[in-house]
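Chemist: Input sequences plus hints: build the corresponding full structure.
The chain contents come next:
Protein chains: 2
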Amino acid sequence: MTDVVVIGVGQTAYGMVPHRTLKDLFADAAVDACAGVDKGFDPRLVEEAYIGTLSTGGSQLGNFAPLMLEAAGMIGASAVHVENACASGGFAFRNAVLAVASGRVRVAVAAGIEKMSDLPRERNRLWLGVSGDVEWERLAGTNFPGIYGMIARRHMHEHGTTKAQITGVAVKNRFNAIANPKAQFRKALELEDALKAPILADPFTLSDACGITDGAAMAIVCRADMAHSFTDRPVKVAGSGAGTDYVAVHDRDSATRLDAARRAARDAYAMAGIGPDGIDFAEVHDCFTIGEILAYGDLGFCEPHEAGRLIEDGTTRRDGKRPVNNSGGLIGKGHPIGATGIGQIYEIVHQLRGTAEGPGRQLANPRRGLAHNVGGSGGSVAVHILEACA
Amino acid sequence: MTDVVVIGVGQTAYGMVPHRTLKDLFADAAVDACAGVDKGFDPRLVEEAYIGTLSTGGSQLGNFAPLMLEAAGMIGASAVHVENACASGGFAFRNAVLAVASGRVRVAVAAGIEKMSDLPRERNRLWLGVSGDVEWERLAGTNFPGIYGMIARRHMHEHGTTKAQITGVAVKNRFNAIANPKAQFRKALELEDALKAPILADPFTLSDACGITDGAAMAIVCRADMAHSFTDRPVKVAGSGAGTDYVAVHDRDSATRLDAARRAARDAYAMAGIGPDGIDFAEVHDCFTIGEILAYGDLGFCEPHEAGRLIEDGTTRRDGKRPVNNSGGLIGKGHPIGATGIGQIYEIVHQLRGTAEGPGRQLANPRRGLAHNVGGSGGSVAVHILEACA
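Residue numbers (my numbering), protein chains in the order written: chain A, 3 to 392; chain B, 3 to 392.
One thing to keep in mind: the hints can contain errors.
The list treats identical chains as one, so a pair stands whether inside a single copy or across any two.
[As the list claims (entries may be wrong)] In silico SDA-like links for lysine to any residue, alpha-carbon gap of 20 angstroms or less:
(1) LYS25 to ALA142
(2) LYS25 to ARG254
(3) LYS41 to CYS391
(4) LYS165 to ALA190
(5) LYS165 to GLY277
Hint data in this document are derived by calculation from the structure and do not stem from the laboratory. This structure is a prediction, so every number in the text was calculated from the model and none was measured.
Modeler: Okay, here's the thing in structure tokens:
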């Protein structure tokens, strides 16, 4: 297997930008990614591209990939549109890595994009349900706030997790977002206010959920043995794992763990030759606060019943022993669905290169970061481990 | 690079089956594919899956891949939904091949599915346009019959191709479909009747177009060095190529060739170490009759001005020197969008194994077959070359 490295990453500022087109956003991410390749990068070098999106902006329903490549100056390359709900970006990244690992492709890109502001409010509400099991969950009247709310209640019941611990995830991540110039929600959230916010779905208030976001991100990967013609700071893809599970939560063995995430983590750790202890920091999928609590257990950072404590004792704060969602996560940085998994890679690469923007955001010499990207309520999950090259 | 072989293929009979669900169709294709593995195959061996579809049956808009894996007994595997318009299947196959070639994955499946009968007539008409350039083609009032019609007129102008030659593609392919038990349109079409049929879009009559079809198909691939534990008749993936082009035809250098197909063919031939002369038979993308005429030129079977003659002199008939669309092609066999590219692989694998069903359909000891799968009007194209193992 050919070793694979990331040589450049790009991302738009996340937020609501109804005046900018899908192509604008994609081009911005591509220009940023190419500019991030220190020694220069010609977009025509790209041989294979994977582009993650769920809604395709609501208009270009077919052949989405070549249309985006046009905007990036990469037309001609083999390209495919990848859809795995909110994990579209993570799976796009996995496939770019596999393509280069095959030895058939020298340079590939993984990108993600979502322009939710182009969709009417009704359709944006629908996204909350279309990635669960439509027949058994959505048509029964529930949607993601309800599904994740039930998971949260069950976690409280089985593991003694408290509402304050769960909502503490949002407080931490919103704090982290303040310093991130590319984050959407850069305003502090107090725990007291969060608990008093309007109810979304028991036990969640509005503060427990991510928002509606436009954004795009891109990562350029290549064979490790070509990296130094592009950059002196390549970042190694040390591990890649992915898995699926029953889409409807009631079909699974447990509601308080995501087996797809456990499979993905197991494979990523095995490939990297490390365990959870080898991870210095992580970007995880906190579409709802409980998502980050689940991630702590599924990634082996602790046992499920200890997950709430990691929030309480500050272990996963920026200044803690193992920072999680230093970028602000989905709740603070924003969650432009298809872009999210690539935005995680963007954050990790910058941290490993020592180039994270924003006051006090750069971690002290981290060696390995992990990205955890969940589709729906865990129907599909991708996990990647990136490593600073010595 | 690890060599990759096909060990089993499955396909539903193509047609309109409104009483069967998406999951039914997918399961049928999976059962057929597993049964096609001579020494038996446990679906839980699948490690990576690529599932091509455009419309997702109109309901499960997100996380489509795990839902289909559930129906196939393959849940747990890493899986991704791939969308490249009518080339979704071909790109799913390419990615399964790259995944196994990477050495990270031992067994992968590529599948495709479309249930067009679940969509209202209006949406089925829309598919005719959503995979072209929505802003510059569909919103200007044209759709695929119109776009391909203009391409046909231009081919007649530039290369002297005649309407009878173009429509001769439909006559040939409908004849071929009669003997194929899994084809949708098993009734002969006379050239005279075809030319007198109602006008669809000049110069096309209804006979020049494919229909509306439900169907699913699956191919199981694995590392070549594992093949003999599954079958004594593996089929080698000798070549894989893919490319993209501007989605709107007016942005391209020429309207009478598909540069994405030429790139894809160039890479597939290079990987296989052969030229067009090494191809014994082909399944090509005749969504409209002119599509097959374009393919002859783009695949190097002849110069573009000679393409019409290949129909006239019978070169590409079942009993000709190089049969094309012996299955019936999209026009005769049917075109369930996402499934089509995998259905081509299904036909080629059976021909190379000597197991093509239907009276007189089996070709005499073919060695290599080529699959040519076009997304939209050529925005994305995948080409594969399969080879009988000696």
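Chemist: Classify it for me, LYS25 with ALA142: is the Cα-Cα distance of at most 20 angstroms met within a copy, between copies, both or neither?
Modeler: between (37 angstroms within a copy, 19 angstroms between copies)
Chemist: Using 20 angstroms as the alpha-carbon threshold, which applies to LYS41 and CYS391: within, between, both, or neither?
Modeler: Classified as within; 17 angstroms inside a copy, 45 angstroms across copies.
Chemist: Since the copies are identical, ignore which copy is meant and state whether LYS165 and GLY277 lie within 20 angstroms (CA to CA) inside a copy, between copies, both or neither.
Modeler: neither (30 angstroms within a copy, 66 angstroms between copies)
Chemist: Within a copy, between copies, both or neither: where do LYS165 and ALA190 come within 20 angstroms Cα-Cα?
Modeler: Result: close within a single copy only, 19 angstroms intra versus 69 angstroms inter.
Chemist: With identical chains, the pair LYS25 and ARG254 could be close in the same copy or across copies; at 20 angstroms between alpha carbons, which is it: within, between, both, or neither?
Modeler: Close across copies (19 angstroms), not inside one copy (39 angstroms); limit 20 angstroms.
Against the hints set out earlier in the document, a violation occurs for number 5 only.
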